[in-house]
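Each chain is listed here by its residues.
There are 2 protein chains.
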Amino acid sequence: MSVGLGCSLDYNSIAGIRLAAVKSKIKYPDQLDLVLIELSEHANVAGVYTQNAFCAAPVALAKAHAQKFCPRYFLINTGNANAGTGETGNVNALRCCQAIAELAGVSAQEVLPFSTGVIGEQLPVEKILAATPRVFISLSESSWVEAAEGILTTDTRPKLVSVQLEIDGKKVSITGIAKGSGMIKPNMATMLGFIFTDADIESAVLDELLCDAVAKSFNRITVDGDTSTNDCCMLVATGKSGVSINKLSAHDYGQFKAALESLFVTLATELIKDAEGASKFITITVAGGASSLECRRVAYSIAESPLVKTAMFGKDPNWGRILAAVGRSGLENLDLQSITIDLGSVRIVSGGGVDPSYLEELGQVAMQKEEIIISVSLNRGTFSESVWTSDLSHEYISINSDYRT
Amino acid sequence: MSVGLGCSLDYNSIAGIRLAAVKSKIKYPDQLDLVLIELSEHANVAGVYTQNAFCAAPVALAKAHAQKFCPRYFLINTGNANAGTGETGNVNALRCCQAIAELAGVSAQEVLPFSTGVIGEQLPVEKILAATPRVFISLSESSWVEAAEGILTTDTRPKLVSVQLEIDGKKVSITGIAKGSGMIKPNMATMLGFIFTDADIESAVLDELLCDAVAKSFNRITVDGDTSTNDCCMLVATGKSGVSINKLSAHDYGQFKAALESLFVTLATELIKDAEGASKFITITVAGGASSLECRRVAYSIAESPLVKTAMFGKDPNWGRILAAVGRSGLENLDLQSITIDLGSVRIVSGGGVDPSYLEELGQVAMQKEEIIISVSLNRGTFSESVWTSDLSHEYISINSDYRT
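So the sequence lines, in the order shown, correspond to chains Y and D.
Residue 53 in my numbering is what sits at position 65 of the first sequence, and the numbering runs on without skipping anything.
Residue 345 in my numbering is what sits at position 357 of the second sequence, and the numbering runs on without skipping anything.
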C-alpha cells in the first residue's frame, strides 16, 4: 500500500554528477542493488548521519572519509546494512571503497560507502567487488531514475525530486533521491538521501543549508519510531552552473534556501506516503505552544501512538485516542479547557471534551480521505510544529514479521 | 491470542469485602459490565491514578472522594471510559455514585467510580442507574470470579490472583483482580487493579506498600506505549484478620510486602500474557547500568520498538533490531564493545557485533518459545531493571482498527 501516485520522476541532470545502478545479487537475483555516484572534482559535500549509537560500519567510514578528504564517489548498496558486523564489517566496507578507488584512480578515502538492508549479517563483499567494474563503466549523467530505484529496500516506488530556479539570469538545478519506508524516526537524518545542486556553495554554508533543511523535513517524519543504524543524508554542490550561493546576496540565498527546503520536504513526505503498509498520509500540526519542543512532544505523542495509527487505518474517527495521546505527552500545567483538536476542518475537541458542533458522521467523512490533517491548538504560546506520519496496518505487520524470509 | 493458560481463578475471600457483577447492556447485550465492591467500615484504602493530563471524569471524582472520605464502595463499569466528556461526564459519574449511596445509606463521597472502555462518548447513565439496585442486592463474599470478569474489556480472560500467608500463627489473605490489554504503558498505574487484604494496615503504610508494589509490577509493563485516561490501582486493607502489618515487626512486614509484590507482579504479567493480539510474553532485562533510569530507557527502547515486536511475532531472530533499539535509546558514551545481548540462553551480540558462537539455528530455536527473555548487559554499573511486553501481531491491528464497530 501507499498513498498518492508518487513522484513524477521528471528531473534535471546536475552538471558534474554521473550515476549508475546495477544488479549485483546481494539479496535478490533481479534487483538494482548497487549504485555508484560520481562527483566532479572540487564539489563540496555536507552530510548528516544517524545518531544511533550502534552506527553501521559504512556510516562510520563515510564520516571519517568525508572529514579528511573531498569525496569523489558515493557507493551505495541495498540488501545488507553492514551494521552490527564488528571489525569484519569495517574491513568489508573499506574493501568496497578500495575497489572503486582503483578503478577511478583516486584514493579509497575519496569514496564514501552507504549500506541499507538487514542488520547483523556480514556484507557479501565478493558479490559487490564482482560488480564494481560494471557499475563504474555504466556511469552516465542521465541514470537518475535507475539510481533512485537502486537505493530502495521495502519502498514500493522511487523518490526522485527536481527543481530549477533562475538566479542572476542563470539556471540553477537541485535534484535529489531518497529511500526509506520503515525504521523511520527523526534523529538527525532517518533514511538515505542524496541531494545535488550545480550551484557553487562553500562548505560552511552547505552544512548550514543541509542542517536547516533536514530539521524541517527528514527530522519531522516518523513511521514507527525506530531509528536506523544506517541513516545518512548528503548534500552536494558541484558549482558547475557558475552561480554562487552565499549569504552576501540575501535575496538569492533566500530563494535557493526556500527551493532546497521545499525539495527536502517533498522527498520526506514521499517517504511517508510510501511508508511500510501506509494507507494514510497524516499531517499533525500542533500550534499555540509555549516552545517548539513542547509542540513536537505533543505531535510525536500522537504520531507514534499505535492506537491513533490503527484507528486511522480502520477509518474510525476514534478521536478519544488523539485526546489521550495529547494527555500523555507529559506537558506540565496543560489547560485542558482551552485545547482544541480538529480532524481536517471538523472541530472535535474543545472545552475539555467533545465539541458541541461535532457529529460522528462528520468525523467519518473526514476519516475516509487518504490525506488527513490533525490540528491541535494548545492556546498557550506562539510556537507551532508539524510532523508527518503514516497509519499502522496489517501490511506493516506482514512486511516486518516476514522481512528476512 | 494470548500466552499460557491464564490464572487458576482459585481465591481466598477477604473478610470485609463483598462483590457483585451484573449485565447492564452498556455496550454489549450479554456481558457482565457493572461491578460493585463493598468495603467494610474502617477499611483503609490507598490508590494510584493515571498521570494522563486528560484524566477521565470518574478518575478525578474517585481521587477527590478518596482524599476526603473513607471509601465504602467501588463502582466499576466497562464499555465506556467516561473520558473526554467534559462537564456532562462529571455530572454522570456523580449520579452513579449517588445512586449507590442512596441504596446503601452512605454519602455519595463514600463511593468511588471507575470506568473503562471507549473514550469520548457520554456514559449511558440511565442503563447504569437501572442496574444499580440489582448489583447492590447481589453483593456476596464469593463473587470474585464474576467481578474479575465484569471489569474486562478487550481482555480474553479474567485476572484473579490470591495468596495466603501465616503471620503470628494467623492467616492473612491477599486477593486481587485486574484488567488491561491495550493502551498499556507504565505511567503510575496502567490499567484497573483492585487488590484487597484482610490485614490491618494504617493508611501511610498502605500508600507506601502500594507505590512500591506498583513500581515493580504495573509500572514495568508496556503493550503499545499508550497511556490510558482511566488507569487506577486500589489497595484495600479491611483489618478483619486481626493481624496488624506495620514496620515495628520487620520480619512480618517484609514477609507481607514480598507476598504483596509477588501478587502484583503476577497480575501485571498476566495483563501482558493476555495483551491485545499477544502470541509472545517477553521479559527484557537490562543489567550493568550506571542507574536504574538508564536501564529502563534501554529496556523500553526495546520493548516499544515495533520492529522488535513484529520480529517476535514472526519468530524471526532478527536480533539486529534489538541492537538498533539499544543504540537509539539515547545513552551517552555507550561502550559498544562491552555490551552483550542474549536471547534466552543464546548469546547473540558481543564485541560490537554478532557473537562468534552465534548460529542462526540457535536463534531460531529460541524464538519458537512462547515466553522469551531478552537480556542486555551494559557492563558499566550495578543497576538492573526488568520490563515485560508482548509482540505486535495482526490481531492487535484487527482489534484496534475495529474497536468501536
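Calculated directly from the structure, the hints in this document are not laboratory data.
Worth double-checking, as some hints may not be accurate.
One copy or two, either will do: identical chains are not told apart, so a pair holds if it fits within one copy or between any two.
[Claimed, not checked] Keeping only pairs whose Cα atoms sit at most 35 angstroms apart, straight-line, the calculated DSBU-like set for lysine-lysine is: (1) K13 x K303; (2) K228 x K357; (3) K204 x K51; (4) K11 x K357; (5) K13 x K245; (6) K13 x K357; (7) K11 x K303; (8) K357 x K235; (9) K56 x K357; (10) K303 x K56; (11) K115 x K303; (12) K51 x K357; (13) K159 x K115.
Now for the hints, and whether the structure bears them out:
1. K13 x K303: between (40 angstroms within a copy, 26 angstroms between copies)
2. K228 x K357: Neither way: K228 and K357 sit 44 angstroms apart in one copy and 60 angstroms across, limit 35 angstroms.
3. K204 x K51: Classified as within; 22 angstroms inside a copy, 42 angstroms across copies.
4. K11 x K357: neither (38 angstroms within a copy, 38 angstroms between copies)
5. K13 x K245: For K13 and K245, the Cα distance exceeds 35 angstroms both inside one copy (39 angstroms) and across copies (60 angstroms).
6. K13 x K357: For K13 and K357, the Cα distance is within 35 angstroms only across copies (34 angstroms; inside one copy 39 angstroms).
7. K11 x K303: Answer is between: at 30 angstroms across copies they meet the 35 angstroms cutoff, but 40 angstroms inside does not.
8. K357 x K235: So K357 and K235 fail the 35 angstroms test inside a copy (42 angstroms) and across (61 angstroms) alike.
9. K56 x K357: neither (49 angstroms within a copy, 49 angstroms between copies)
10. K303 x K56: Neither way: K303 and K56 sit 52 angstroms apart in one copy and 44 angstroms across, limit 35 angstroms.
11. K115 x K303: between (45 angstroms within a copy, 29 angstroms between copies)
12. K51 x K357: neither (42 angstroms within a copy, 41 angstroms between copies)
13. K159 x K115: neither (41 angstroms within a copy, 72 angstroms between copies)
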